[in-house]
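Going line by line, the protein sequences match chains P and A. By the numbering used here, the letter at position 61 of the first sequence is numbered 644, and the numbering carries on one by one without gaps. By the numbering used here, the letter at position 125 of the second sequence is numbered 708, and the numbering carries on one by one without gaps.
Since the hints were derived computationally from the structure, they do not count as laboratory data. Where is the CB? At the ideal position from N, CA and C, for every residue including glycine. Check before you lean on any hint, since a few could be wrong.
[Stated by the list, open to error] A short, non-exhaustive set of chain P residues, derived as facing chain A with CB atoms under 8 Å:
no., residue
1, Asp691
2, Thr694
3, Ser964
4, Ala993
There are 2 protein chains.
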Amino acid sequence: MPQRLNIADPDFESRFSALIEGKRDASTNVSDRVRGIIADVRERGDAALLELTKKFDHLDVDSAEALRIDAAEIKAAWTNTHETTKEALRTAHDRIRSHHERQRPRDDRYTDSLGVELGSRWTPVETVGLYVPGGTASYPSSVLMNAVPAKVAGVKRIVMVAPAKEGVLNPLVLAAAHLAGIDEIYRIGGAQAVAALAYGTKTIEPVVKIVGPGNAYVAEAKRQVFGRVGIDMIAGPSEILVIADGDNEPAWIAADLLSQAEHDTAAQSILITDDASFASRVETELEYQLQNLSRTAVARASWEDNGAVITVGSLINDAPVLADRIAAEHLEIAMEEPEAVSERISNAGAIFLGRYTPEVIGDYVGGSNHVLPTSRSARFSSGLSVLDFVKRTSILKLGPEQLRALAPAAMELARIESLDAHGRSVGIRVNLSGRESDNG
Amino acid sequence: MPQRLNIADPDFESRFSALIEGKRDASTNVSDRVRGIIADVRERGDAALLELTKKFDHLDVDSAEALRIDAAEIKAAWTNTHETTKEALRTAHDRIRSHHERQRPRDDRYTDSLGVELGSRWTPVETVGLYVPGGTASYPSSVLMNAVPAKVAGVKRIVMVAPAKEGVLNPLVLAAAHLAGIDEIYRIGGAQAVAALAYGTKTIEPVVKIVGPGNAYVAEAKRQVFGRVGIDMIAGPSEILVIADGDNEPAWIAADLLSQAEHDTAAQSILITDDASFASRVETELEYQLQNLSRTAVARASWEDNGAVITVGSLINDAPVLADRIAAEHLEIAMEEPEAVSERISNAGAIFLGRYTPEVIGDYVGGSNHVLPTSRSARFSSGLSVLDFVKRTSILKLGPEQLRALAPAAMELARIESLDAHGRSVGIRVNLSGRESDNG
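With the rest of the complex left out, here is chain P (with noise of 0.2 Å):
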C-alpha cells in the first residue's frame, strides 16, 4: 500500500520529511570496476573497446570502423518504420524544435556610460555525444529529447552511442536519430562507451560534451569523465506529484500516477488533494488499472513502495508549499483554475495545467523536454535545454580613458588583496603606481 499522509495528523511533519527525504536510488557502487574500463580504453583505445563490447555485448566484429553504423542502415531504419508512427515522430520533432528555438539566448553587447564596452557572446558547444541505453530504457522519443536542442544550438557534430545486445538495435531508436540528423552513431554502450566518447580512440573522435540516460554503469562513467568533457544531469528515477481537487475523473488521474510508477520499481507517483474520499476512489481506481498492464510488476511495486497520497485542508494554500518541498520533477495541478495553485510554486521540473494536460504529452509531443531534474534537484537546476549545448564568453573593452577612469578602484582592490602584479599591470598603463605600495 502507499503511504497515506493527512496534514491534520500530529505526525505530519516526521512522516512528511521521510518521504521527501528517502533516497529511492538503488546505490550500486560500481566506481572501481568503471574505473578500470576507462584507464583500458585510454590506454588501448580500439582494441579495449572491441574487446569489452564483446565481452559485455556479445558483439563481436573485426574492426573498431564496424562498430560504427552505415549510413544506408540508418536510412534503412527510417524508410522501414510504419508511416502511423513515421507521423508520430514528425510531429514530436518538429514541436519540439519549435519550442527550443525559442530557447536560444541572444548575445549582448552595448557601451556604459563610462565608454566601457561590455558583452556577452554565446557559442556552441563545438561536438557532443549522446548516450542512448539499450534493452527496454532504449526511447526513440529520448533521441529526439536530446538531439533536438544540441542541433537548435548549433552543435557541429552529434555523436551516438547505443550498446547492441549480440549487434541488434532498436531500429525506432535509428529512425529517430534519422529524424533528428544525427549520422555517426556506433554500436557501443557502458562506460567502454563513455571513455571511448571523453578520450577519443582511432576510430572516434573524442568530444567535448557527453548527455543522454543510462544505467549505473554509465551514469558512474559520467561523473568520472566530468571535468575532461561536460556532463548533463545523472538523472534517478521517474517522479510524478499530482495535485487535484475532487472534481476530477478518478480513473484519469489513477492512469497519470501510473504512467511514471510503470517507469521503474524506483520511481514516484504522489497525490495530493483536498478531498480524502476522492482519494479512496483514485486508490481504487488505480488497483484495477494496474490489473490490465505490460509491466504490472513494475508499476505495483513502485506505488506499493514509493506512492503517497496527502490530504490537505487547503489546496491554494497547502499544496504550494508541499510541492515546493517535494520539489517533483513533474508536477500536474488538476483544476479547474490550476494557475492560482502554480503561481505559489517555484520547485518543479515541468508544470502541466488543467485537466486536459496528463504529463505524458510532456513526454512525447507538448514540445517542452522530458529530460528534468529529479531527486528534489528542480530546487536548483532545469530541464535540459538549448542552454545546455552553448556556453558565454564575457566581452569587456576599455581605451585609454576608461581605464584612467577605473584604474584607481581596480588598483586598490588589487592592494588590498596584496596581489602586486594585478595593481602593475593597470598601473604601468597609465603611469599610477597604487596607494600605499610599490607597484614598480
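Mind docking chain A on chain P? Use the hints.
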C-alpha cells in the same frame, strides 16, 4: 624557463598537445577524510561543527550560536574600512550589479497554432551558501562576484561561511559582505562548513546551493554533497592566454602574464605572438618584474613550470585555432583590431579586447564576473552568472481540443515504447485506445 613553441617546428603538434593536456592541479586524495567529516556533521550536527572548528581553526567557542558573526561586527567592519577602499568596493559592486542585471532571463509564455499554451518560467534558487576561503585566498572581490549575481537573481537567503583561524576573519571580507547585503555569516570553514550548509544543523538552516572557491577539502566536500544541493563549478588554477602583436609595450604584456602567475604555482600564463623578437623582450621584461613582487616565488614557479611562449606565422589565422584548443579562462587580445581575431574564437571564459583592457579590470571593476571556467572547461561551460541562481520550470496547458489533436501521436509513441499507462493516461481522456494494443 617557460616552454617556447613555434608553430613551424616539426614537433609543434605533439608539444602543443602535451601543453594543453597537462594536468597542473595537484590531486591530493582527501576523499575519505572528507567523507568522514561530512558524516560526522550529519550525525552530530552542532557538536561536531564545534569540535571540528576547534581542531582545524583553533577557534574554541561554547555554542554554535557563537559561531555566527553578529550584525554589529559586520557593520563595524564596513564602517572601519578606509574611504578609498570603500569607494573602490562600491565601484566594483555597482558595476557588477549593472552588468548582471542584464543577465536576468525573461519568462516566456505563448500559445501555438493548435492552441496549446507553452511556457518557461524562471524562479530564484531559494537559499545559497557562499564559501569564502581563509588565508591569502580570502578576497573581498570574490565575495562581490558570488553574492551580487545571487542578489540580482532574487535569492532570498544568502549564508556566508569563512574559516577564522583563532577567530580572526579578514575584515575586508566582512566589509564586502556588508556592502552586498549579506547578514548571516558563520566563522566556519573546510568540509565541515560545506556539510553544515548542505545538511543543516540545529543552528544553521540548510541551503539549496553552495558556491565559492576553496581548497582541496572544500572542493571535495562540494563534490560529495552535490545532488543533495547544487554546486557551482569546481575551480582549477588560474589561466591567462595573451595574443599580442609586436606593437605592444613588452612591459605591459609581461605584467599581464604575471598577474595570473602570482595567484598560484599551478597557474598558467601563455603568450601567443607572431613576433619572436617581441617575445624575447617580453620574457626579459618579465624576469625584471619578477624581482619586485611580494609573491615572487609563486609567480616564478608558475611561469617557469607552466608558462609558454608560442610563436605563430599569422595571428589572424593561427592564433584562433590554438586559442580554441587552449580554451583559456582569460583571453587577452592585445592588437589594434582585436575583434577580427576574437570573432574567430569560441572557447574562452572571458575575452579582453585591445591594448587598454588588462585582464585585471575583469577581476575587479569591469562589471563582468571573475568566476570563470578553468582547465579547458570553457569548451562546455560558462562563467558564473545570474543563471546559476535561477532555475526554469516548463509550463504546458492543453484543453480538450488540443489533447484530441495531439493524442494520436502521443499514443503512438507510447505504444512503440511499450508504456501502456502512458498511452492510457491520454486515451482515457479522449475515449481512444491505442493502435494495435489494448490501452484499457
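Quiz item: Which hint numbers doesn't this structure obey?
Solution: 2
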